[in-house]
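Letter by letter, the chains look like this.
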Amino acid sequence: MTLKTEPVTINIGPQHPSTHGVFRMRVTFDGEVVVDVEPVLGYLHRGSEKLAEERTYTQVVTLTDRLDYVASMSNNLAYVLTVEKLAGIKPPDRAMYLRVIAAELMRIASHLVFTGFWLNDLGALATPLMYCFREREKILDLFEMLCGARITLSYMRPGGVFQDAPEDFWPALHRFLEEMPNYIDEYEGLITGNEIVLVRAKNVGILSAEKAVNSSISGPILRASGVEWDLRKADPYEIYDRVKFNIPFGGVGDNFDRYFVRVQEMRESLKIIEQCVEQVEPGPVRSEVPFLVRPPKGEAYGRVEAPKGELGFYLVSDGGIAPYRCKIRSPSFINLTILRDILVGWKLADMIVTFGTIDINMGEVDR
Amino acid sequence: MYGLGILQGLTVTFKNLMRKPFTIQYPEERIPQHPRFRGEEFTWYEERCTGCASCAKYCPLGIIKIVTHPGKTNMQEGDYYAIDVFDIDIGRCMFCGLCVEACPYDALFMGSGFEEGQYRRQDLVIPVDRLRKASKRPSTWFRPQLEDKGYNPHTGKELSWRQVGRHQQPSQEDLKEKWAER
Ligand code: SF4
Ligand code: SF4
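Line by line, the protein sequences give chains Z and D.
Going left to right, the first sequence walks through residues 9 to 375 as our numbering numbers them.
Going left to right, the second sequence walks through residues 913 to 1094 as our numbering numbers them.
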């Protein structure tokens, strides 16, 4: 006798502990196996691009904090780089170093959040997450010294940063740089060799390099698939051409590679910060830019390697005090396009884990 | 070898078993904030404020409401504007500090606290009377003159309006010399 079966469609989200924010998936299952995934977006839409047209160039910095709220510094950096390109402003050297230090600290913090929540998805509830948040807390403390806030930082301004780092920032940063490698070793001891993690993550949710490139994926996911592409090397901005670092990349493009690339990236970021601290020299941190920046008519596209991928801002100026148009190319949104490719054919339990490795942030997806 | 990874993980667990907890029991224990911390309640010096409304104009959300009327006239400094209303709606504020950055007379500072929670939204609007009476512990955010003095709002004492400016206070001699008579 043959059993008659039919596919079942299940709704996951928008309020679901595994979906990293208000993200909704309509998933069709054949038994345990995923046969179709349809992402439903837009629950966190705030119209940031439109709001930017109403604000002066300096005020838009506060909006960029709220795109990818676990990596505000990178958003700040991408935006101010674009404004500087548009208006032809050159920031002083020290400001560029401070901005790179801040952005790299933010990358570590963002990858820590990824590691913690990914283990949460794997079923290791809360404890590893607390380990990761302990170090993230140290980074946030550093940001508090730097700019007075912990999450919505608004540290950078067109033409530099708003103020120099306080005296006590540098010793604290040194202490952090000394401690952090031990903590990364600790996570690796906990995760990298763990058989349970390996069984769940190795050779699961494979994304081929070809597919990744064709869907314009960027960031650690692309590098995990074996493509050596990092904007910090491919199109150096700020002072990235003055520091030495490696681009970690994976071979298979499975879940484990996507995790491992991020862990190694944290180590590389530490290296970059160390070199920046050595090279930075005293000097001004903000070039003479009026509060109301008035770039000439034109357009500019600026991009940075944010923790989640290529973050780009496209600004059009009509000569006024506010952008005429602001388009945000957010990495999370574009990385979501491979959802179907990496989820279909895998089981329900793998679906959550694989989805976690894309590391999306809804603030950025919906903007 | 199977089990090695688990053992390695357990070592980490044991190490953490020996460590002190890193969490803080919040209302009883507190972590001190940095002097630059952008706190919730604003510090405002009426004596310094000219009512120019730069702060209101530069606020991305437009949540500072200022109403003034022309007050007395001083030979030295010209017309005064008396402040009738200076309301900050912190229910919508994002504590970006652009208003503080915009204030040309060092009259507005970020606060240093973070416990301004209220039960009703109306109470989140800081009216001018509360700003006048509030204890003056300004954050050093965007005020290098305070940072240079090593001021810490969490441990230091309240600052009067004479102590927070970026310029030296004029001497009696300077004050006698009237601009109008020159
Ligand atoms: S901190 Fe920012 S949002 Fe709040 S009143 Fe000042 S400028 Fe407006
Ligand atoms: S910018 Fe400063 S001086 Fe002007 S109204 Fe605001 S607080 Fe007063």
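Hints listed in this document are in silico derivations from the structure and should not be mistaken for laboratory results.
Be aware that a few hints might be false.
[Said to hold, decoys possible] If we take Cβ atoms under 10 Å as the criterion, some of the chain D residues that face chain Z in the derived model are: (1) 975; (2) 1014; (3) 1017; (4) 1025; (5) 1029.
[Unchecked claim] No more than 25 Å apart at the CA atoms, straight line, and that leaves these computed lysine-lysine pairs for DSS-like: (6) 58(Z) to 93(Z); (7) 927(D) to 146(Z); (8) 58(Z) to 1069(D); (9) 932(D) to 977(D); (10) 210(Z) to 98(Z); (11) 1088(D) to 1069(D); (12) 1048(D) to 146(Z).
[Stated by the list, open to error] Away from chain Z, derived, C-beta distances all over 10 Å, residues of chain D: (13) 927; (14) 937; (15) 942; (16) 948; (17) 962; (18) 970; (19) 999; (20) 1001; (21) 1013; (22) 1018; (23) 1047; (24) 1053; (25) 1057; (26) 1059; (27) 1066; (28) 1071.
From the three backbone atoms N, C-alpha and C, an ideal C-beta is built for every residue, glycine too.
Verification of the supplied hints:
The restraint placing residue 975(D) at the interface with chain Z is violated, with a minimum CB-CB distance near 13 Å, outside the 10 Å limit. Evaluation of the residue 1014(D) hint against chain Z yields a held restraint, the C-beta minimum of about 7 Å falling below 10 Å. Because the beta carbon of residue 1017(D) sits about 15 Å from the nearest beta carbon in chain Z, more than 10 Å, this interface hint is broken. Checking residue 1025(D) against chain Z by beta carbon gives a least distance of about 13 Å; that is not within 10 Å, so the hint is violated.
Violation of the interface hint for residue 1029(D) is found here, the shortest Cβ-Cβ separation to chain Z being roughly 17 Å, above the 10 Å cut-off. Among the hinted pairs, residue 58(Z) with residue 93(Z) is consistent with the structure: their alpha-carbon atoms are about 21 Å apart, no more than 25 Å. With a C-alpha separation of about 19 Å, the suggested pairing of residue 927(D) with residue 146(Z) holds against the 25 Å cut-off. For the proposed pair residue 58(Z) and residue 1069(D), the alpha carbon gap of about 44 Å is over 25 Å, so the pair is violated.
In summary, the hint linking residue 932(D) to residue 977(D) is not supported, as the alpha carbons are separated by about 48 Å, beyond the 25 Å threshold. A threshold of 25 Å between alpha carbons decides the hint, and for residue 210(Z) with residue 98(Z) the separation of about 46 Å lies outside it, so the pair is violated. The suggested pairing of residue 1088(D) with residue 1069(D) is violated, with an alpha-carbon distance near 31 Å, which exceeds 25 Å. Restraint check: the Cα-Cα separation between residue 1048(D) and residue 146(Z) comes to about 29 Å, which exceeds 25 Å; the hinted pair is violated.
Interface exclusion of residue 927(D) from chain Z breaks down, the closest Cβ pair being 7 Å apart, not more than 10 Å. Residue-level check passed: residue 937(D) sits 15 Å from the nearest beta carbon of chain Z, beyond 10 Å. Residue 942(D), annotated as away from the interface, keeps every beta carbon of chain Z farther than 10 Å; the closest lies near 14 Å. Separation of residue 948(D) from chain Z is inadequate, the least Cβ-Cβ distance of about 4 Å not exceeding the 10 Å criterion.
No beta-carbon of chain Z comes within 10 Å of the beta-carbon of residue 962(D); the shortest separation is about 17 Å. The claim that residue 970(D) is not at the interface with chain Z is violated, since a C-beta of that chain comes within 10 Å of its own (minimum 7 Å). Even its closest Cβ contact with chain Z, about 20 Å, leaves residue 999(D) beyond 10 Å, as expected for a residue assigned away from the interface. Listed as outside the interface, residue 1001(D) is consistent with that label: its C-beta sits roughly 16 Å from the nearest C-beta of chain Z, beyond the 10 Å cut-off.
For residue 1013(D), the requirement that its beta carbon stay farther than 10 Å from each beta carbon of chain Z is not met, with the minimum near 7 Å. Against chain Z, the non-interface label of residue 1018(D) holds: every CB pair exceeds 10 Å, the least being about 15 Å. Distance check for residue 1047(D) against chain Z: the nearest CB is about 19 Å away, which clears 10 Å, and the non-interface claim stands. Interface exclusion of residue 1053(D) from chain Z breaks down, the closest Cβ pair being 4 Å apart, not more than 10 Å.
The claim that residue 1057(D) lies off the interface holds: its Cβ sits roughly 12 Å from the closest Cβ of chain Z, which is beyond the 10 Å cut-off. The Cβ of residue 1059(D) sits about 6 Å from the closest Cβ of chain Z, inside the 10 Å cut-off, so the non-interface label is violated. For residue 1066(D), the shortest C-beta to C-beta distance to chain Z comes to about 12 Å, beyond the 10 Å cut-off, and the non-interface label holds. Consistency note on residue 1071(D): stated as away from chain Z, and its beta-carbon is indeed over 10 Å from all of that chain's, at 18 Å minimum.
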